[in-house]
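Engineer: In case you want the letters, here they are:
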Amino acid sequence: MLKIENLHAEIDGKPILKGLSLEVNAGEIHAIMGPNGAGKSTLAYVLGGRPGYEVTQGSVTFNGKDLFEMEPHERAAAGMFLGFQYPVEIPGVSNVQFLREALNSQRKARGEEPLSGGEFLKLAKEKAALLKLDMEMLKRNVNVGFSGGEKKRNEMVQMGILDPAFAVLDETDSGLDIDALKVVGEGINAIMRKPDKAVMLITHYQRLLDYVQPDFVHILAAGRIVKTGDAELAKQLEAEGYDEVMAA
Amino acid sequence: MSELPTIRDESWRYADFDAVAKLGVEALDQWQDVSVADGETHRHCMIVGGDAPEVHRIRLNIGKSARAEFFVVVIGDDYTRVEVETDLGEGAHFEFGGVTIGGGDAVREFVTRTAHDRPDATSNQVVRAVHWNEATGNFLGAINVGREGQRTDAGQDFKALVLEKGATANAKPELEIFADDVKCAHGAAIGQMDEMARYYMASRGIAPDVAQRLLVRAFIADALAALEDEAEAERLLEAALNVLEARR
Chain A
1 MLKIENLHAE IDGKPILKGL SLEVNAGEIH AIMGPNGAGK STLAYVLGGR
51 PGYEVTQGSV TFNGKDLFEM EPHERAAAGM FLGFQYPVEI PGVSNVQFLR
101 EALNSQRKAR GEEPLSGGEF LKLAKEKAAL LKLDMEMLKR NVNVGFSGGE
151 KKRNEMVQMG ILDPAFAVLD ETDSGLDIDA LKVVGEGINA IMRKPDKAVM
201 LITHYQRLLD YVQPDFVHIL AAGRIVKTGD AELAKQLEAE GYDEVMAA
Chain B
1 MSELPTIRDE SWRYADFDAV AKLGVEALDQ WQDVSVADGE THRHCMIVGG
51 DAPEVHRIRL NIGKSARAEF FVVVIGDDYT RVEVETDLGE GAHFEFGGVT
101 IGGGDAVREF VTRTAHDRPD ATSNQVVRAV HWNEATGNFL GAINVGREGQ
151 RTDAGQDFKA LVLEKGATAN AKPELEIFAD DVKCAHGAAI GQMDEMARYY
201 MASRGIAPDV AQRLLVRAFI ADALAALEDE AEAERLLEAA LNVLEARR
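Each protein sequence line maps, in turn, to chains A and B. Numbering follows UniProt numbering, with no gaps: position 39 of the first sequence is 39. Numbering follows UniProt numbering, with no gaps: position 40 of the second sequence is 40.
Heads up, some of the hints might be wrong.
[Claimed, not checked] Short derived list, chain B residues pointing at chain A, Cβ under 7 Å:
| id | residue |
| --- | --- |
| 1 | Tyr14 |
| 2 | Met196 |
| 3 | Ala197 |
| 4 | Tyr200 |
| 5 | Ala202 |
| 6 | Ser203 |
| 7 | Arg204 |
| 8 | Gly205 |
| 9 | Ile206 |
| 10 | Ala207 |
| 11 | Leu214 |
| 12 | Ala218 |
[To be verified] If you want the footprint, here are the derived chain A segments under chain B, 3+ residues with CB under 8 Å:
| id | region |
| --- | --- |
| 13 | 20-28 |
| 14 | 43-56 |
| 15 | 92-99 |
| 16 | 218-225 |
By construction, these hints were calculated from the structure, which means they are not laboratory data. C-beta: ideal position from N, C-alpha, C; glycine also.
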């Protein structure tokens with residue numbers, strides 16, 4: 001589904017990713033862990049096409065297509081979803097309006113019929129219930145006045161509504177209390193744990209992986225994948241720390 | 001007015017004097033008088049501006065406990081000026097919502113003079129400006145509270161969105177207060193499009209032009225928030241957004 005080869009990227013002329021390679025197939029969940037400043041969020045933003053993140057070398061193909069030939073909104077329509085570490089507030093635009101516009105933009109780009117207001121609300125209600133987010137919050141402006149945990153749950157509601165083939169979740173677990181972590185973990189499983197979907201889960205901590213079992217765990221350090229293992233690797237990291245595990 | 005205004009006339013300082021000369025003294029001296037009887041409510045919605053200079057001067061007399069609402073959208077391609085002089089009776093309310101939107105090199109401006117000479121009157125003015133190319137949007141708002149204007153509550157709020165380098169916005173609030181129990185608030189902010197909000201929208205599949213339309217709509221909707229007639233508010237919003245559409 002996603003093939004990253006020798007990816008180099010920089011911000012303001014400062015190299016962050018230095019030859020990162022990774023392949024993600026349908027049906028797989030990959031966890032990316034790593035110390036602060038390793039390039040985890042940069043990887044997420046490069047995949048999502050955020051302006052200012054410049055790719056200097058390497059390639060990424062998404063379902064056989066050159067990802068870098070696609071604009072950010074085209075990547076979304078092609079089935080990619082980026083869960084933000086810091087979801088953005090948009091005053092004056094309601095969640096419902098925003099998501100309906102997003103879903104119908106994607107459907108239009110794929111040559112599908114738009115959803116009517118009624119159909120959309122039914123879908124939104126179903127996904128909000130899955131993430132235990134009050135439907136009233138979806139009527140409010142996008143992320144304005146939401147707590148950290150509510151913003152993250154809202155990201156997952158959006159993922160549920162947009163139903164992507166591939167999701168990059170950038171520290172979706174940060175800012176969540178224990179109960180919310182469980183809800184979000186179960187939400188990720190319900191929405192994305194399917195044979196035709198894949199997830200790249202960027203996280204600092206092992207605790208989310210208790211709910212969302214990864215098939216692969218990668219350690220990202222200094223802009224490259226330095227070690228790959230299974231779920232055991234994350235547990236080992238939690239117990240021993242990055243320095244120890246990477247030195248071994 | 002016996003001669004043309006000059007840059008030394010405070011309320012004309014940002015005007016386009018070539019356009020003013022083209023209009024001539026006589027055209028500038030046309031006043032539209034509007035009186036709202038005691039206890040009555042009067043609402044006036046206008047879409048003004050064309051491909052030649054226009055000046056609209058309105059004198060508004062609001063009776064005791066009466067209410068006047070003015071909502072104006074300026075969509076002209078040439079110099080367009082809307083001036084509103086208001087006299088508030090005891091306990092009266094004046095609501096003003098204004099939008100200037102457009103590119104080219106035209107100056108579009110609102111000039112209001114609001115006299116609170118009787119007690120317990122309130123006024124609220126919200127102006128939004130959206131400009132690109134070399135265009136200019138101005139809001140010059142004077143509030144005069146006389147000796148008998150006790151318990152006046154007057155507010156002015158101006159925000160400008162500059163979509164490109166080269167566009168300009170000017171805010172000139174002017175308060176003159178002779179009563180001692182008075183609330184007067186004014187605020188002005190000039191900024192650019194929130195690129196992070198635009199990217200967030202793109203990451204959900206919303207094309208950049210659609211995202212911009214949504215954000216501009218949210219921005220100018222503030223000026224029409226007090227307009228309770230939703231169909232009328234929609235008509236004014238659409239007129240403004242059509243100008244943005246024509247930009248492409």
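Engineer: For every hint, state whether the structure bears it out.
Structural biologist: Each hint tested on the structure:
no. : hint    : verdict
1   : Tyr14   : 27 Å, violated
2   : Met196  : 5 Å, holds
3   : Ala197  : 5 Å, holds
4   : Tyr200  : 4 Å, holds
5   : Ala202  : 4 Å, holds
6   : Ser203  : 5 Å, holds
7   : Arg204  : 4 Å, holds
8   : Gly205  : 4 Å, holds
9   : Ile206  : 5 Å, holds
10  : Ala207  : 5 Å, holds
11  : Leu214  : 6 Å, holds
12  : Ala218  : 3 Å, holds
13  : 20-28   : violated (count 0)
14  : 43-56   : holds (count 4)
15  : 92-99   : holds (count 5)
16  : 218-225 : violated (count 0)
Hint violations for this structure: numbers 1, 13, 16, all remaining hints satisfied.
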